[in-house]
Amino acid sequence: KNEVEQSPQNLTAQEGEFITINCSYSVGISALHWLQQHPGGGIVSLFMLSSGKKKHGRLIATINIQEKHSSLHITASHPRDSAVYICAANNNDMRFGAGTRLTVKP
Amino acid sequence: GAGVSQSPSNKVTEKGKDVELRCDPISGHTALYWYRQRLGQGLEFLIYFQGNSAPDKSGLPSDRFSAERTGESVSTLTIQRTQQEDSAVYLCASSPPGLAGGAGTQYFGPGTRLLVL
Chain A
1 KNEVEQSPQN LTAQEGEFIT INCSYSVGIS ALHWLQQHPG GGIVSLFMLS
51 SGKKKHGRLI ATINIQEKHS SLHITASHPR DSAVYICAAN NNDMRFGAGT
101 RLTVKP
Chain B
107 GAGVSQSPSN KVTEKGKDVE LRCDPISGHT ALYWYRQRLG QGLEFLIYFQ
157 GNSAPDKSGL PSDRFSAERT GESVSTLTIQ RTQQEDSAVY LCASSPPGLA
207 GGAGTQYFGP GTRLLVL
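Heads up: the protein sequence lines correspond to chains A and B, in order. Heads up, the first sequence is in my numbering, so the first residue is 1 and it goes up one at a time. Heads up, the second sequence is in my numbering, so the first residue is 107 and it goes up one at a time.
Take the hints with a grain of salt, since some may be wrong.
Computed from the model, here is a short list of chain A residues facing chain B with C-beta under 7 Å [unchecked claim]: (1) I43; (2) H56; (3) G57; (4) L59; (5) N91; (6) M94.
Which bits of chain B does chain A cover? Going by a derived footprint, with three or more residues having C-beta under 8 Å, they are [as the list claims (entries may be wrong)]: (7) 112 to 118; (8) 161 to 171; (9) 181 to 189.
Hint data in this document are derived by calculation from the structure and do not stem from the laboratory. Built from N, CA and C at the ideal position, the CB exists for glycine as well.
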C-alpha cells in the first residue's frame, strides 16, 4: 500500500462543477502539500497545510490530522483548472501521491 | 524577482557519462529539495537541504547520485556513470523558513530534462 493515496486517479467535470480530490496518508507529517502540475510540466504549490482549512480564490484545502486525510476542493471549475493535482506528505522528505488528472470541459 | 532557476534545461548524454545539474534557489530560501519525475510517472523525492543541517539523502536511488549545496545558495546534483533509467526530469524546489523552524511553501524550478542514450 502506498504511503500517500489519492482519489480519484482521473476526473472529468463540466465547467462550473464543484470538484473534490481526496488524499489519505499513513506517515507522520509536519505538513501536507497540494501541488498543481500543468500539461507543460510546470509545478505550482497550491497549499501547505498542517491543520484546519485554507482558501485561495476558488480553491479550498482541508486536513484532518487525526484521520490522516486531506481534501482539495475547486468551486466553479473552469477549463483552465485542467491539470494534475498532487498531494504530498512532508516530514523533511516528501512522499507523493500518484496524482489526480483533472479535465474540465467547457 | 527571480524564481528558482535550473540549468541546463535539457541534457542529452551517453550511458556511462557523468552529468551535473544545477539549481539556483530563490534568495533567502533556507530549504532546497531535489525531485525526479520519470516519463508518465509521479514525483520522487531525492534529497533535502535545510540551512546548515546535514541533508536528508533518504531518497537518493543509488550511490551514483550525490548532491551538494553551498550554504544557502546554489545546489548541484551529480549523477555518475549514467544509466538509461536515469532519464527523467529533475526538479528543484526551494522554500523560505516556515513556522517552528521547518520549511515553508515550496517554489519549483522549471526542471532539467535528462535523456541518457
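Taking the hints in turn, this is what the structure says about them:
1. I43: holds, 4 Å
2. H56: It is violated, given that the least Cβ distance between H56(A) and chain B is near 11 Å, above 7 Å.
3. G57: Violated, because the Cβ-Cβ distance from G57(A) to chain B comes to roughly 16 Å (cut-off 7 Å).
4. L59: At 14 Å from the nearest chain B Cβ, L59(A) fails the 7 Å test, so the hint is violated.
5. N91: For N91(A), the interface hint is violated, since the closest Cβ of chain B sits about 9 Å away, which is over 7 Å.
6. M94: Where the cut-off is 7 Å and the nearest Cβ of chain B is about 4 Å from M94(A), the hint holds.
7. 112 to 118: violated (count 0)
8. 161 to 171: holds (count 3)
9. 181 to 189: violated (count 0)
The structure does not agree with the numbered hints 2, 3, 4, 5, 7 and 9 stated previously, though it agrees with the rest.
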